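Undergrad: Sequence:
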Amino acid sequence: APDIPVIDQVYSKLSNSITVEWRAVPGAINYLLTAQDGDSFVETIVKNSPGTVTGLKPATLYRITVRSINSGGKSQPSSFRKVKTVLAAPILSVHSLSCDSIAVSWKAVHMAAGFSVSLMRSDGLGRMLKQNTTNTSLIFTNLDPGALYTIKAYAWNANGMPGDDFTYNQRTSPNAPVDVKVAFNSGALRAVVSWMPTEGALTYSVTVSSGLLKLRCNTSSASCVVPSLQCSSEYNVSVTAYNDAGSSEPTDAVSLKTNPCAPVNISIEEDEPGHLLVSWSNVSLGHYYVVFVKSDDGLEVHCNTSYTQCHFQSDCGFTYFISVFAYNKAGQSPLGDVFNYTTAPCCPSDFRAVFMSSDTVRVSWAPVRGADLYETRAAGGSGVVLCRDTATACTLSALQCSTPYNITVYSFSEARGSNTSCAPQYVATAPCSPEIKNISKEGLSVVSVQWQPNSEEATYVVTARGEAGLWHCTSTRNSCTLMDLPCGSAFSVSAIARSPAGQSFPSYSIPLETAPCCPSDLILTQVTQSVTNISWSVGRGAQTYVTTLESPKGQAKCHTLQTYCLLGCITCGTNYTVSLRAISETGLTSSCTYKGYSSSACCPSGLKLYRLSNNGIRVFWQASDEKINYKADLRGSKGNFSCTPSLGLSHCDITKIPCGDVYTVVVAPVTDKGPKLTLFSSFCPKKIYSVTCSGSSVGMVIYRGKSNAKHI
Numbered sequence: 001a002p003d004i005p006v007i008d009q010v011y012s013k014l015s016n017s018i019t020v021e022w023r024a025v026p027g028a029i030n031y032l033l034t035a036q037d038g039d040s041f042v043e044t045i046v047k048n049s050p051g052t053v054t055g056l057k058p059a060t061l062y063r064i065t066v067r068s069i070n071s072g073g074k075s076q077p078s079s080f081r082k083v084k085t086v087l088a089a090p091i092l093s094v095h096s097l098s099c100d101s102i103a104v105s106w107k108a109v110h111m112a113a114g115f116s117v118s119l120m121r122s123d124g125l126g127r128m129l130k131q132n133t134t135n136t137s138l139i140f141t142n143l144d145p146g147a148l149y150t151i152k153a154y155a156w157n158a159n160g161m162p163g164d165d166f167t168y169n170q171r172t173s174p175n176a177p178v179d180v181k182v183a184f185n186s187g188a189l190r191a192v193v194s195w196m197p198t199e200g201a202l203t204y205s206v207t208v209s210s211g212l213l214k215l216r217c218n219t220s221s222a223s224c225v226v227p228s229l230q231c232s233s234e235y236n237v238s239v240t241a242y243n244d245a246g247s248s249e250p251t252d253a254v255s256l257k258t259n260p261c262a263p264v265n266i267s268i269e270e271d272e273p274g275h276l277l278v279s280w281s282n283v284s285l286g287h288y289y290v291v292f293v294k295s296d297d298g299l300e301v302h303c304n305t306s307y308t309q310c311h312f313q314s315d316c317g318f319t320y321f322i323s324v325f326a327y328n329k330a331g332q333s334p335l336g337d338v339f340n341y342t343t344a345p346c347c348p349s350d351f352r353a354v355f356m357s358s359d360t361v362r363v364s365w366a367p368v369r370g371a372d373l374y375e376t377r378a379a380g381g382s383g384v385v386l387c388r389d390t391a392t393a394c395t396l397s398a399l400q401c402s403t404p405y406n407i408t409v410y411s412f413s414e415a416r417g418s419n420t421s422c423a424p425q426y427v428a429t430a431p432c433s434p435e436i437k438n439i440s441k442e443g444l445s446v447v448s449v450q451w452q453p454n455s456e457e458a459t460y461v462v463t464a465r466g467e468a469g470l471w472h473c474t475s476t477r478n479s480c481t482l483m484d485l486p487c488g489s490a491f492s493v494s495a496i497a498r499s500p501a502g503q504s505f506p507s508y509s510i511p512l513e514t515a516p517c518c519p520s521d522l523i524l525t526q527v528t529q530s531v532t533n534i535s536w537s538v539g540r541g542a543q544t545y546v547t548t549l550e551s552p553k554g555q556a557k558c559h560t561l562q563t564y565c566l567l568g569c570i571t572c573g574t575n576y577t578v579s580l581r582a583i584s585e586t587g588l589t590s591s592c593t594y595k596g597y598s599s600s601a602c603c604p605s606g607l608k609l610y611r612l613s614n615n616g617i618r619v620f621w622q623a624s625d626e627k628i629n630y631k632a633d634l635r636g637s638k639g640n641f642s643c644t645p646s647l648g649l650s651h652c653d654i655t656k657i658p659c660g661d662v663y664t665v666v667v668a669p670v671t672d673k674g675p676k677l678t679l680f681s682s683f684c685p686k687k688i689y690s691v692t693c694s695g696s697s698v699g700m701v702i703y704r705g706k707s708n709a710k711h712i
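Per the UniProt record's numbering, the very first residue in the sequence shown carries number 1; after that it's consecutive.
If you're looking for bench data, these hints aren't it; they were derived computationally from the structure.
Remember, predicted model here, so these are calculated numbers, not experimental data.
It cannot be assumed that every hint is accurate.
In the DSS-like style, the derived pairs of lysine-lysine whose C-alpha atoms are separated by at most 27 Å in a straight line are [unchecked claim]:
| no. | residue 1 | residue 2 |
| --- | --- | --- |
| 1 | 181 | 257 |
| 2 | 687 | 631 |
| 3 | 57 | 13 |
Modelling step: build the complete structure from the supplied sequences, incorporating the hints.
TA: This is the structure:
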């Protein structure tokens with residue numbers, strides 16, 4: 001075995017180890033170090049000197065021995081040395097109380113008589129601070145904010161022997177950031193908070209608070225975006241710097257007023273036609289307001305006010321889009337509700353009323369902006385007549401005649417309803433139909449018509465209508481006279497009323513018949529001595545005729561449907577008055593008078609023929625009137641003979657009458673008024689005589705009447 005080592009020096013630098021130095025032993029390969037504390041010991045094998053035994057207890061007295069080792073074994077332990085391990089290092093608890101102070105504390109260390117604590121910036125800047133104390137805590141002040149410090153502490157025993165030291169790096173908390181700025185984005189309702197970086201700060205926290213509401217933003221940069229802010233709010237903005245030592249004091253609060261909220265409770269009304277009043281509730285933090293009004297034709301106007309209402313000019317029939325914004329230094333409020341307001345449609349213009357009849361009027365007008373429907377209202381008389389249509393015309397019927405109406409055309413829209421400001425138009429209906437009360441004849445061609453008037457402003461026109469034509473009369477009163485009506489005509493008489501408002505319906509027609517016309521031509525022809533034929537032209541309107549011949553000696557009358565009549569019992573040689581009555585189908589009569597008529601003179605009686613000596617014949621008769629001249633005609637096969645006596649005589653002679661012939665003899669009166677009578681036209685009786693020859697050329701005269709021959 002090798003020799004026993006000799007210990008030169010034993011010491012403890014660490015509280016858990018002892019270092020041994022010895023002289024080298026020739027032939028030794030390893031060395032066994034033993035530290036014994038009472039019954040316990042710790043061994044360590046090392047290669048050479050010095051060697052350290054670890055795992056020891058601090059501040060403990062140990063007996064240290066060394067043994068050399070080779071292949072032959074171990075040597076005997078060396079002489080022991082006693083040595084005590086140094087004090088354990090204090091275990092520090094360090095934190096930064098503020099941005100310029102660090103507090104250090106530790107637990108008591110066994111066998112320690114005092115402690116030594118030093119502090120220095122880790123970057124070597126500045127001076128080192130050192131404090132000795134018997135306490136277990138101390139505070140370093142007046143430090144640099146946000147700086148990293150290295151802190152070393154150890155304990156010493158009663159002999160002043162220092163123990164293990166403990167090193168700790170501690171940063172002071174940062175200082176509060178400076179130059180805090182807030183940039184507000186009103187459109188996004190967010191704020192960008194920026195500041196100057198603070199030494200030693202690792203992160204920053206931005207606090208935006210308003211009452212109980214707190215918003216935070218954490219960042220490692222020198223700015224931060226705080227979203228989701230509320231409009232019309234006032235916030236206090238502060239920034240706190242953080243590092244591993246803690247936080248700085250918050251910065252002084254910076255006031256942030258956000259842009260105002262969009263105005264609410266917006267109301268729009270037309271305080272009067274053509275004027276819009278826009279009002280709203282007051283907005284917190286709103287300094288002034290701008291109202292934008294855009295019409296549907298693209299025109300936009302605005303109003304800038306610090307009040308909560310604005311007035312605008314408006315036109316009928318337009319739709320306006322209205323938005324209200326509040327403003328302050330932070331900016332414009334968000335877009336709120338956009339209201340649309342449609343004004344009442346315009347009142348119809350170019351109003352025209354045309355009467356289709358006395359109780360019907362057609363109303364038309366020009367279309368107006370904004371109207372979906374029109375209502376025409378006629379108020380007057382005993383009620384109201386309504387008409388609704390989408391067209392720009394309406395026909396009002398069943399109106400009362402002779403009645404003033406206020407006709408109003410209202411325009412309607414689905415959005416706004418009716419425009420109640422439309423002015424009425426005064427329209428009067430045409431007069432009522434007059435009622436004919438009486439028609440009286442004032443003459444053959446004159447008729448007076450009376451009616452019941454129904455309007456003071458009306459002019460009445462009476463019309464007689466028939467096949468013969470039209471006849472009119474006009475009056476503003478209650479009667480007028482139809483003149484020069486033709487005879488024998490049937491008429492339908494009606495009346496109308498005219499006024500500036502129009503013309504009434506015709507009244508009910510009243511039939512009117514004029515008396516029949518007198519025949520224009522009347523011819524009397526004597527048929528026999530006592531019979532006369534009267535003929536006449538047609539009298540218009542006449543159905544029957546009554547003709548009368550009248551004289552002091554008597555009357556002859558005939559009633560007939562024809563245009564001729566035979567009147568008997570005519571007295572010869574008598575002057576008659578001639579009259580005719582034309583009678584219509586309804587019994588109307590026209591009395592017609594004509595030129596007088598004289599019947600033919602009476603025929604002579606007692607006609608006889610006497611033979612004269614000179615081959616002549618005397619014709620003898622008895623005159624009916626001594627003032628009448630007569631003529632005798634003899635007509636035979638051997639010749640015709642005549643004679644006319646002087647006035648007052650009742651015979652005449654005819655000479656040189658051939659005998660042996662039969663003669664027809666007529667004696668008839670001759671007057672200046674009538675035509676010359678002949679044998680064939682005379683009304684007087686004709687007698688036949690035979691003149692025989694008896695030994696001479698003139699024979700016996702024989703009267704032959706009714707086949708009898710008579711000698712004269």
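Undergrad: Check the hint pairing residue 181 with residue 257 against an upper bound of 27 Å on the C-alpha distance.
TA: Holds: residue 181 and residue 257 sit about 13 Å apart, inside 27 Å.
Undergrad: Decide if the proposed pair is consistent with the structure: residue 687 and residue 631, CA atoms, cutoff 27 Å inclusive.
TA: OK: residue 687 and residue 631 at ~14 Å, within 27 Å.
Undergrad: Within a Cα-Cα threshold of 27 Å, do residue 57 and residue 13 meet the stated pairing?
TA: 13 Å, holds
Violated hints for the displayed structure: none, as all numbered hints are satisfied.
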